[in-house]
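**Student:** Listed below, chain by chain, are the residues.
2 protein chains.
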Amino acid sequence: MSAPAKPSLDRYTPIDHAKVDFSGGFWESWSETVRKVTVPTQHQRLDEEGFLEVLNFHLPPAPLVRPIQPSGLSMQHFFDSDFGKWIEAASYTLKAHPNPALEEKIDAIVEQLAKGQLADGYLNSWFIRREPDKRWTNLRDLHEMYSMGHLLEGAVAYFEATGKRRFLEVMIRAVDHIIDTFGSEPGKLRGYDAHEEIEIALIKLHGVTNDPRHLDLASFFVNERGQQPAYYDEEARRRGKDPKDYIFKDYSYSQAHMPVREQTQVVGHAVRAMYLFSAMADVAAATGDLSLFAACDTLFDNLTGRQLYVTGGLGPAHANEGFTREYDLPNVTAYAETCAAVALAFWGHRMAQIELDGRFTDHVELVLFNGALSGISRDGEHYFYENVLESHGDNRRWKWHYCPCCPTNIARLIASLGSYFYTTKPDELAVHLYGANTGEAVLGETVVRLSQETRYPWDGDIRLGIAPVTPKRFALRLRVPGWCRDAKFSVNGAFVPAEIHKGYATIEREWRAGDEVRIGFAMPVERLYANPEVSEDAGRVALKRGPVVYCLEEVDNGFAPQRLRLAPGAGIETSYDPGLLGGAVTLSGSAVKASDAGWGGALYRTAPSALEPVRFKAIPYHLWANRAPGGMLVWLLEA
Amino acid sequence: MSAPAKPSLDRYTPIDHAKVDFSGGFWESWSETVRKVTVPTQHQRLDEEGFLEVLNFHLPPAPLVRPIQPSGLSMQHFFDSDFGKWIEAASYTLKAHPNPALEEKIDAIVEQLAKGQLADGYLNSWFIRREPDKRWTNLRDLHEMYSMGHLLEGAVAYFEATGKRRFLEVMIRAVDHIIDTFGSEPGKLRGYDAHEEIEIALIKLHGVTNDPRHLDLASFFVNERGQQPAYYDEEARRRGKDPKDYIFKDYSYSQAHMPVREQTQVVGHAVRAMYLFSAMADVAAATGDLSLFAACDTLFDNLTGRQLYVTGGLGPAHANEGFTREYDLPNVTAYAETCAAVALAFWGHRMAQIELDGRFTDHVELVLFNGALSGISRDGEHYFYENVLESHGDNRRWKWHYCPCCPTNIARLIASLGSYFYTTKPDELAVHLYGANTGEAVLGETVVRLSQETRYPWDGDIRLGIAPVTPKRFALRLRVPGWCRDAKFSVNGAFVPAEIHKGYATIEREWRAGDEVRIGFAMPVERLYANPEVSEDAGRVALKRGPVVYCLEEVDNGFAPQRLRLAPGAGIETSYDPGLLGGAVTLSGSAVKASDAGWGGALYRTAPSALEPVRFKAIPYHLWANRAPGGMLVWLLEA
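First to last, the sequence lines map onto chains A and B. Position 537 of the first sequence, counted from 1, bears residue number 537 in the numbering used here, the numbering being contiguous throughout. Position 425 of the second sequence, counted from 1, bears residue number 425 in the numbering used here, the numbering being contiguous throughout.
Note that these hints are calculated values from the structure, not bench results. It is possible that some hints are incorrect.
Identical copies carry no separate label here, and so any pair may be met within one copy or between two of them.
Taking lysine to aspartate or glutamate pairs in the DMTMM-like style, the calculated list, with each CA pair at most 25 Å apart, reads [to be verified]:
#1 Lys249 <-> Glu386
#2 Lys244 <-> Glu48
#3 Lys36 <-> Asp180
#4 Lys425 <-> Asp515
#5 Lys244 <-> Glu32
#6 Lys115 <-> Glu131
#7 Lys188 <-> Asp556
#8 Lys188 <-> Glu321
#9 Lys472 <-> Glu386
#10 Lys399 <-> Glu32
#11 Lys249 <-> Asp394
#12 Lys488 <-> Glu510
#13 Lys399 <-> Asp357
#14 Lys249 <-> Glu48
#15 Lys617 <-> Glu573
Produce the complete structure using the sequences and hints provided.
**Tutor:** And the structure:
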């Protein structure tokens, strides 16, 4: 582990998430709920649904491998990934809040995994227990390395949280086995998993080990992807199958239809795409390969300029859990998987550390307050897999799912959120996100204590305290949100004409303990309109205030929100409702709604519905489906 | 076959469709295309796709039973039904247009079927060839009697067209076997097919045989449906299965969740529902059981008042090929299977013969000109299974289908359309539909020659010639379409103040050869609005003229029609375009469309799209998707 890493870009480094404390702010209740409710109940679900039993390598295998969970859901071949992501989320909470009982649960799982690991290092519970003869025969369909990647991310997080090396070493042995099996060297397979993930995990492992083989393997998987001849064709033929007999028709489903640097349109399975692009950004940062960053840059613009819901949701279609054609953004049938929005935060965050550009961070913030956060209930134990933008009342959160990938994904994001707030270079401090917290960064040798006093996102006034333990000159880079048209900054009470470049304002000076930056982001209610190529939003308007997208829920209004018509110029009031699901700013105003008057039993008639005046109330989209069932609408009819 | 039938309602009797000639009118090209193109090419598809080969009982069975058709589509266990419906459609064309070559093709199929028939009369090619041990074990899922029912309908039609008894006798033997197997008598199974169809066929058979057992069996199936204990529960247990392990959860999928007379909401698979209700109407008419008619009446109102697309399409959801909740009428994802619209014509037609009420016939006309006719291309050999009301350009007609039920269904409807135009009692002639034709009815003993000279549906002026061979007094019942607000009638040039009752005007007099009734139905363009419970159509308007629903297609307009906004009061012009797909009245007018101006690469922005003036052209919905691919829209944004 002493070989030098390849040269890396001069990227920003996230601070330790465990140093960030959200007490008193928006994220406090979310992060506390994840720690106190989400993490324990997810373990409970893994137990109830038989995942833990299946993992028990002390018991004889076959009879205990239950493809059907007690809830009637079937266990899938990538169930190791759920352990991996759960351990990762749990580890993030452990780092700031030691919890021996939780460590015991993790250790028990680790011991089972270690027990199952084969002599050659191979580790994938499904294949070891159920289909040992099939290992490495079908990277196209079976998520083998995806599962191992999530275990590896879990192992790294657990090591970083506790210093315990057991799981890490188990997974390093598993990686050694992968290195023995895959690569460009003669005799090795030139394969790569169709569900990207191992790449991200290997980069994280490399961050711990500094072993160049770990970075090289990630680079190999990224670079090999989409090369000809197609690995999955060859692999199918080795299985005696016709490669054309592929349910998803072509490898764009897995972003393997062409080499990654040639890709310009985001296609296929949305989570896969986000994981790949995150890995490309990681490899770019770690190796200095700007061509990978450039490809990501193009793809980011394609996603955010043509394929992203206003909530930050992505991947409209159920059929491929992903992308279809550009501007295809149906609302009622939106797939917009929670995992995909979570992974967009991963990607955008990585991009911003390579090039400090608000367009990346704006989208991290967008999903955090909307399309990702909507994936978890306010009680922290109910979930959405799909995040629709319109409901007729039949979308309800579930306790567990056939494919329970989303719960642990949103949990690990929230549990590590501190590292998304601040990133550093030796003489720079970048502030990406806003929300009350105290934190601690290290610039070069200097510890800098940080604090934000703010009601953000409910208003745009922030007091940012900057307290280096010794005075230090550095550039403070403050993100100016893309939605903000009027930003003001002062330092210690004196107005500062901050220069804004690519969405970040810079204030460079010698900072001393007691310095306070006051930030004012004007936060009016905005009406957003969609590009006319988006047929589904024609004639419609979405309401947004600051980073928060709003929706109308039937429960607040007493009528299906699809009946509402908002006049173009109508005023919209804001008020803070402390009793609403932990407190939130709601919007309200006057509008009209289509009336039943005179309809009788008719389904169609030649006269339009009468319109009657009505008051409406809108709540943050991320809070929907936490109360009584009913209709929900983001894109309101404007007329 | 000499036992007396039970007493029947005093219903109207359809005239012989073969006596109606549509030369010179709207239906000429459609019926001629069905006869000259659709029927022959459907036989060709059955050949190409291996259906004929599988049917060949002279060949050894197993190896030739190809579950995968050459096109890559899999053959389904109900493929006999495709033969049955094709023979039925072909027979209808044969009756007025003898065609020995076509008869030869039918006879060849009949001989194969006869060859396969088992000694006990059982006849179902799939089960005989592939799963002989499974017969009568799973009426819930396997369409066994559905297939036999379609063969039986084909046999009756072929007998009526040609007088040949061979197929009829084969099927009577099959029915004898069913009678031996199912019924309320001890030792018989109290089962009924989950896909209704045999009931309709048995009534048709009864019309030929007058054998009360045939009517009784139909009645048994109708009456037994939904009784407790549930037959499908018992049947599942006999197979060693848990009845709860049912993909569609409950038997409402097959309208078997409660006895049919108790049903008040149309639920489940749409085609099944329409076939059941048609059978209920048939049994009501044949037995005089008004309770069945009353149940149908309620269900008809439920369907047309809460669950019907403006095109007459029905069954919005793909998942169950059927109904969901009331007012759920999504446009882009509309399932609205062609077969279901065709079968609504069957049902509505039957209802109107029991009670002459325009609300039944209005819906027959609605589907004929819209949601059923849209299922077949202008060239007569391409089809829609799903009939969406909005497309982004990705809905294309297909040449053949995994489940090729729709092509033969629309073919048999068009090929027998004459019988929907005129029905009779001994002293009444009911005219249900309009369109140029010559026909012949028999009232009592009197032959009445009929003719309609009209451009209908392109205008509402009709010259109806009534020529009894000898003068005869009878009541002429003329349907006044529900969409018509101004109907005028004159007889031999003299205005007649016709009394209108339930949508039918009556003119009773002694009719003589040379009499002419002139009918004037005002036919302005109408704007239709949907009940505000239909969220998907909020703020939208549909254009309809007479019975014809219009849509905008991108190919006519040069832009995606979703961009259009039609002002509430804007004038709409009509013109006849002889060059459009055989000639049609099109609509045009001025409107605005959302402009790309100023959007740059943005997906969302705070300013709405600029609106630019534009001319638009709308075509009849049934003609869409016959030219270049592109967007299509029925429900236009009105603003």
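**Student:** Taking 25 Å as the upper bound on the Cα-Cα distance, should Lys244 and Glu32 be classified as within, between, both, or neither?
**Tutor:** Neither. Shortest intra-copy (49 Å) and inter-copy (41 Å) distances fail the 25 Å Cα cut-off.
**Student:** Is it within, between, both, or neither for Lys472 and Glu386, if the alpha carbons may be no more than 25 Å apart?
**Tutor:** Intra 47 Å, inter 69 Å, cutoff 25 Å: neither.
**Student:** Under a CA distance limit of 25 Å, which applies to Lys188 and Glu321: within one copy, between copies, both, or neither?
**Tutor:** neither (32 Å within a copy, 49 Å between copies)
**Student:** Measure nothing new, just compare the shortest in-copy and cross-copy C-alpha distances for Lys617 and Glu573 to 25 Å and report within, between, both or neither.
**Tutor:** within (9 Å within a copy, 42 Å between copies)
**Student:** Cα distance capped at 25 Å. Does Lys115 pair with Glu131 within a copy, between copies, both, or neither?
**Tutor:** within (17 Å within a copy, 47 Å between copies)
**Student:** Go through the copies and call it for Lys249 and Asp394: within, between, both or neither, with a Cα cutoff of 25 Å.
**Tutor:** Between. Shortest inter-copy distance 17 Å satisfies the 25 Å Cα cut-off; intra-copy 32 Å does not.
**Student:** Go through the copies and call it for Lys425 and Asp515: within, between, both or neither, with a Cα cutoff of 25 Å.
**Tutor:** Intra 20 Å, inter 98 Å, cutoff 25 Å: intra-copy only.
**Student:** Check Lys36 against Asp180 for me: Cα-Cα at most 25 Å, and say if that holds within a copy, between copies, both or neither.
**Tutor:** neither (41 Å within a copy, 66 Å between copies)
**Student:** Check Lys399 against Asp357 for me: Cα-Cα at most 25 Å, and say if that holds within a copy, between copies, both or neither.
**Tutor:** So Lys399 and Asp357 fail the 25 Å test inside a copy (38 Å) and across (51 Å) alike.
**Student:** One pair to classify: Lys249 and Glu48, alpha carbons no more than 25 Å apart. Within, between, both, or neither?
**Tutor:** between (37 Å within a copy, 24 Å between copies)
**Student:** At most 25 Å between CA atoms: does that hold for Lys244 and Glu48 within a copy, between copies, both, or neither?
**Tutor:** between (40 Å within a copy, 22 Å between copies)
**Student:** At most 25 Å between CA atoms: does that hold for Lys488 and Glu510 within a copy, between copies, both, or neither?
**Tutor:** Within one copy only: 20 Å inside, 93 Å across.
Consistency with the previously given hints fails for numbers 3, 5, 7, 8, 9, 13, ordered from lowest to highest.
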